[in-house]
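Assemble chain W onto chain S, guided by the hints.
There are 2 protein chains.
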Amino acid sequence: MTLNFVTSNLHKFEEVKEIAAREGIELVHSRTPYVEIQSDSLEEISNVGVQQACAIVKAPCFVEDAGLFVDALKGFPGPYSKYVFLTVGNQGILKLLEKEAKRGAEFRSAVGYCEPGGKPLVFIGKIRGAITAAPKGSGGFGFDPIFTPEGEKKTFGEMPTEEKNRFSHRARAVEGLIKWLKKGK
Amino acid sequence: MTLNFVTSNLHKFEEVKEIAAREGIELVHSRTPYVEIQSDSLEEISNVGVQQACAIVKAPCFVEDAGLFVDALKGFPGPYSKYVFLTVGNQGILKLLEKEAKRGAEFRSAVGYCEPGGKPLVFIGKIRGAITAAPKGSGGFGFDPIFTPEGEKKTFGEMPTEEKNRFSHRARAVEGLIKWLKKGK
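Protein sequences, first through last, are from chains S and W. Per the working numbering, the first sequence starts with residue 1, numbered consecutively. Per the working numbering, the second sequence starts with residue 186, numbered consecutively.
It is possible that part of the hints are untrue.
Just the calculated beta-carbon pair ranges, DEER-fashion [stated by the list, open to error]:
| # | chain 1 | residue 1 | chain 2 | residue 2 | range |
| --- | --- | --- | --- | --- | --- |
| 1 | S | 95 | W | 345 | 28 to 36 Å |
| 2 | S | 119 | W | 194 | 30 to 38 Å |
| 3 | W | 347 | S | 118 | 40 to 48 Å |
| 4 | W | 313 | S | 24 | 52 to 60 Å |
| 5 | S | 101 | W | 336 | 38 to 46 Å |
| 6 | S | 71 | W | 313 | 31 to 39 Å |
| 7 | W | 211 | S | 137 | 57 to 65 Å |
| 8 | W | 276 | S | 137 | 28 to 36 Å |
| 9 | S | 184 | W | 213 | 48 to 56 Å |
| 10 | W | 289 | S | 33 | 26 to 34 Å |
| 11 | S | 101 | W | 364 | 29 to 37 Å |
Derived coverage of chain W by chain S (criterion: at least 3 residues anywhere in the stretch with Cβ under 8 Å from a Cβ of chain S; other residues may be distant) [said to hold, decoys possible]:
| # | region |
| --- | --- |
| 12 | 221-227 |
| 13 | 273-281 |
| 14 | 315-322 |
Hints listed in this document are in silico derivations from the structure and should not be mistaken for laboratory results. Keep in mind it's a predicted model, so treat the numbers as computed, not measured. The beta carbon of each residue, even a glycine, is placed where N, CA and C say it ideally should be.
One chain only, chain S, in its complex shape (with noise of 0.2 Å):
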């Protein structure tokens, strides 16, 4: 089986390759862009932009969306992590939750999926954990030097790739889909 995956994002590719690669499936990569709305939704923003991606490609394909939900911060980056990212940084998150006793946050990734003619899907993965007190590693992107998942020592900016994958919220949520496509939906 192949699969369409349209990003912009190299990094996000070659993990989701990994995932799909252990699910015996080839991923192609299409850097065709399309449209984000603005949400507090990553449903929702999946949802639309793979409709867009779909008729642009006109085959199957997916696209994901995923943020980081601060508890403390009102889920603050959420939606907008990308662009919190690029400007503020890790370090802008730490800032924020300094003297900040509650470091919960969720790492939430939708993946949305759609064929030609088809409704769109939309498969939803989460890991709770929680933000650390200074960046760790230099593994992942994005946030990932300062999200610790529950239960874990390690950040996820200090797991390869493989083990990121075991429980990432981007994993969960390509799983789903693959499970789905697999089952002959």
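The following block gives chain W in isolation, referenced to the frame of chain S:
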């Protein structure tokens, strides 16, 4: 002359109503929801948004998108100012600028105008200023209480609407549209 302003933000409507009134224009409020795309450019967000709003309203109309761009934060919160205000708020911006001597910032407004069957036009308004050490005043909305326009001593939050409208980013963008409309386009 009457003009349709499509917005869900009552504060914005009240401000723009005052600007329009002094130009002899009656403003009609439409709350029709329209899509805002994710983009670093307010101009692009308004351009796309007003085309959709106009297709729904089926009449000449305008939309307005604004943001606070902080120099020391690489433009953050920029186009996502509303979301950032609703999550980390004024205190979040002040926290991020703690011990920061560089306080420069800019409020930007992009007014998108469209007529059925026509091409959208965008009018930009800007105002330079500085981020205060603490919030001052309870007027205006959003980040107004932490922004002092260049050459002024009061924040936007300390000014009555008429005073803010003398030189605000939003007033400048709206005046651009009105000037263009009055010229007979």
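Going through the hints against the structure:
The hinted window of 28 to 36 Å between residue 95(S) and residue 345(W) holds, with their beta carbons roughly 34 Å apart. Between residue 119(S) and residue 194(W) the CB atoms are about 32 Å apart, so this pair conforms to the stated range of 30 to 38 Å. For residue 347(W) and residue 118(S), the hinted distance range of 40 to 48 Å is not satisfied, since their beta carbons lie about 54 Å from each other. Restraint check, residue 313(W) to residue 24(S): a C-beta distance of roughly 58 Å satisfies the suggested window 52 to 60 Å.
Roughly 43 Å separates the CB atoms of residue 101(S) and residue 336(W), a value that falls within the hinted 38 to 46 Å. The hinted range of 31 to 39 Å is satisfied by residue 71(S) and residue 313(W), whose Cβ atoms lie roughly 36 Å apart. Between residue 211(W) and residue 137(S) the beta carbon distance is about 60 Å. The supplied range of 57 to 65 Å therefore holds. Under the hint 28 to 36 Å, the C-beta atoms of residue 276(W) and residue 137(S), about 30 Å apart, fit the expected range.
A beta carbon spacing of about 54 Å between residue 184(S) and residue 213(W) agrees with the range 48 to 56 Å that was offered as a hint. For the pair residue 289(W) and residue 33(S), the beta carbons lie near 32 Å from each other, so the given range of 26 to 34 Å is met. Between residue 101(S) and residue 364(W) the C-beta distance comes to about 54 Å, which lies outside the given range of 29 to 37 Å. Here's how the region 221-227 of chain W fares: 4 of its residues keep a CB closer than 8 Å to some CB of chain S, so the rule of at least three is met and the hint holds.
Counting residues of the region 273-281 of chain W whose beta carbon lies closer than 8 Å to any beta carbon of chain S gives 4, which meets the minimum of three for the stated coverage. Coverage of the region 315-322 of chain W by chain S is violated. Counting CB-CB distances below 8 Å, 0 residues qualify, and the rule asks for three or more.
Hint compliance for this structure: hints 3, 11 and 14 are not met, and every other hint is.
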